[in-house]
Every structure is written in C-alpha cells, then in structure tokens.
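Visitor: In order, the protein sequence lines correspond to chains A and B.
When you read off a place in the first sequence, starting at 1, and then add 727, the result is the number in the working numbering.
When you read off a place in the second sequence, starting at 1, and then add 1, the result is the number in the working numbering.
None of these hints come from the bench; they were simulated from the model.
Keep in mind that the hints are not guaranteed to be accurate.
[Claimed, not checked] Pairwise CB distance ranges (calculated):
1) Leu-42(B) <-> Tyr-777(A): 44 to 54 Å
2) Glu-23(B) <-> Ala-805(A): 34 to 44 Å
3) Ala-805(A) <-> Arg-111(B): 32 to 42 Å
4) Asp-52(B) <-> Ile-807(A): 39 to 49 Å
5) Ile-740(A) <-> Leu-42(B): 24 to 34 Å
6) Gly-17(B) <-> Gly-743(A): 46 to 56 Å
7) Thr-87(B) <-> Pro-735(A): 40 to 50 Å
8) Asn-757(A) <-> Lys-4(B): 25 to 35 Å
[Stated by the list, open to error] Covered stretches of chain A (chain B as the covering partner; in silico rule of three or more C-beta atoms under 8 Å from a C-beta of chain B):
9) 738-746
10) 769-780
In this text, a Cβ means the ideal position worked out from N, Cα and C, and glycines have one as well.
Residue strings, one per chain:
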Amino acid sequence: GQQLNQSPQSMFIQEGEDVSMNCTSSSIFNTWLWYKQDPGEGPVLLIALYKAGELTSNGRLTAQFGITRKDSFLNISASIPSDVGIYFCAGQLKFKETSGSRLTFGEGTQLTVNP
Amino acid sequence: DVKVTQSSRYLVKRTGEKVFLECVQDMDHENMFWYRQDPGLGLRLIYFSYDVKMKEKGDIPEGYSVSREKKERFSLILESASTNQTSMYLCASSYGGGVNQPQHFGDGTRLSIL
Chain A
728 GQQLNQSPQS MFIQEGEDVS MNCTSSSIFN TWLWYKQDPG EGPVLLIALY KAGELTSNGR
788 LTAQFGITRK DSFLNISASI PSDVGIYFCA GQLKFKETSG SRLTFGEGTQ LTVNP
Chain B
2 DVKVTQSSRY LVKRTGEKVF LECVQDMDHE NMFWYRQDPG LGLRLIYFSY DVKMKEKGDI
62 PEGYSVSREK KERFSLILES ASTNQTSMYL CASSYGGGVN QPQHFGDGTR LSIL
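All chains should be built: construct the whole structure from the sequences, respecting the hints.
Guide: Structure, rendered in structure tokens:
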C-alpha cells in the first residue's frame, strides 16, 4: 500500500525547545490528520486538517495542510516531558462516496524530551 | 468522547490456534478498521468495514478474516495463527456520514504467537 514519507524518524530535544516534523506524499489527500501514540496505547487524534492551506492550533500544537495537498507539518512549541511519544501523520482518501475514508500512515516520529 | 474498546490488552496463543480479536465502539460509527503495527513498518491496514456484514481487504489481509454481524462490533480472526502474526493489533472506527471523518483508535491488543 501507499506510504507517506515522515521525517524525522526520531528527535531528542531539551524541555522548552520547539519541535517540527513533516509528512510528504506523491499523492493528493483530502484530509490530513496528526496522531500521538504513548507506549502501550493506541494513537490519539491531535489535529485534523480539512482544507488546503489550513493552519490549525490545539494548545501548543500547530499543524498545516500544504497548499498542494501533498504535505503537512506539525509544530510543538515549548516542549514538556509529557510530549514524549510517537507522532504519526495520516492522509485520508475517500473510499466510498457515502462513507468515511481509509488512512495512509507515515512511519512515525519518535520524540524524546529531556527534562 | 468516542470509546473504542478492544477485548484484550495482551494475548498469548500457540501456532495453529484460531484466534479471535474483538473490538466494540459505542459511537454508532459505520466504519471500522483493523491494523497491525510493527517496528519500522508503521500501521498497516488489514481489513475494514463500512457497514454491517460488509468488509473490504486492506493492504495485508492474508492469513486474516473479519466479521461484522453488528454495527458496534468488528472481529478480527486469525484462522491458523503463525509466529509472524505476533504484533500489536489496533482497532479503529469512524463516522460514515461524510468524507472527512477521522478515525478513533482503541488501546490495542499485543498478541504473541508461540
């Protein structure tokens, strides 16, 4: 199946630093999603983006839907220890006219925050 | 809040056994999905369903089957478990009324096949 290119694969930062990660695809998506996964848990939705060019914030998190619809980035400002985890991007396509859509996932960014 | 519940957090089975993984959602979602997650490979879609008794193959359906007899429940079946099916299995669901509905995940089942 199709994959998204997510980078970086891992990041080691100091508490208080800002973080940026991104995803690119050769295909167009009609929705971009960002999830966070804590160890031993399922992914939790952080931000959903629905329009090309859209910039959306959720607390210290900011994400943008690329104007070409082929990329997205996620920024975390003033990182704290509980930001540790794996962050996944996901692009959403429509698989059936009257129903929801399947996701294509990036391989994840492992974030480590040193206190 | 959306609640997706997977019946087991940890499961240990033997090679050749028939294994059932259960998933229940309480939000009346039309769509349900099964993924497996492996280090370095990310999340891969096994099967999905957009309605009761409907199912579609994902990217890696071999060795698996699914059952959707009721809207709230989606079962993943390993017909004859093998060691290469040791993995983290994640269930997700989403609302079907429109194209831009994000998926919500359960906490996962870590399955070990000995």
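Visitor: Going through the numbered hints above, which ones does this structure break? Give me the numbers in ascending order.
Guide: 1, 7 and 9
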